[in-house]
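Enquirer: Sequence:
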Amino acid sequence: MNAGATTYEVRIAGHLDRHWSTWFGGLELSHEGDGTTTLRGPVADQSELHGLLAKVRDLGATLLSVTATDGPA
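At position 26 of the sequence shown the residue is numbered 26 (the working numbering), and the sequence of numbers has no breaks.
No lab work stands behind these hints, which were simulated from the structure alone.
These figures come from a predicted structure and were not determined experimentally.
Worth double-checking, as some hints may not be accurate.
[As the list claims (entries may be wrong)] Restraint ranges, calculated between C-beta atoms of paired labels, are given here: (1) His19 with Leu53: 30 to 40 Å; (2) Ser21 with Ser47: 16 to 26 Å; (3) Thr67 with Ser21: 13 to 23 Å; (4) Gly35 with Gly4: 14 to 24 Å; (5) Lys55 with His31: 13 to 23 Å.
Note that beta-carbon positions come from the ideal geometry of N, C-alpha and C, so glycine has one too.
Please take these sequences and the hints and turn them into a complete structure.
Expert: Here it is as structure tokens:
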């Protein structure tokens, strides 16, 4: 993980195809049993977080939650 980066979990409605991981800066993409997708990984700063959220918006996906975690990406 990048020094100073915070690990985030971003949950969105629906299952995204795995190829979207690259577009989301290489964040880990997981399909959950409840029909959602979790994007997980290090985010360097608030600017990068806002860029990530803008990508979710641009994709037209429904944002369900954004959580900062202490665990590794």
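Enquirer: For which of the previously enumerated hints does the structure constitute a violation, in increasing order of number?
Expert: 1, 4
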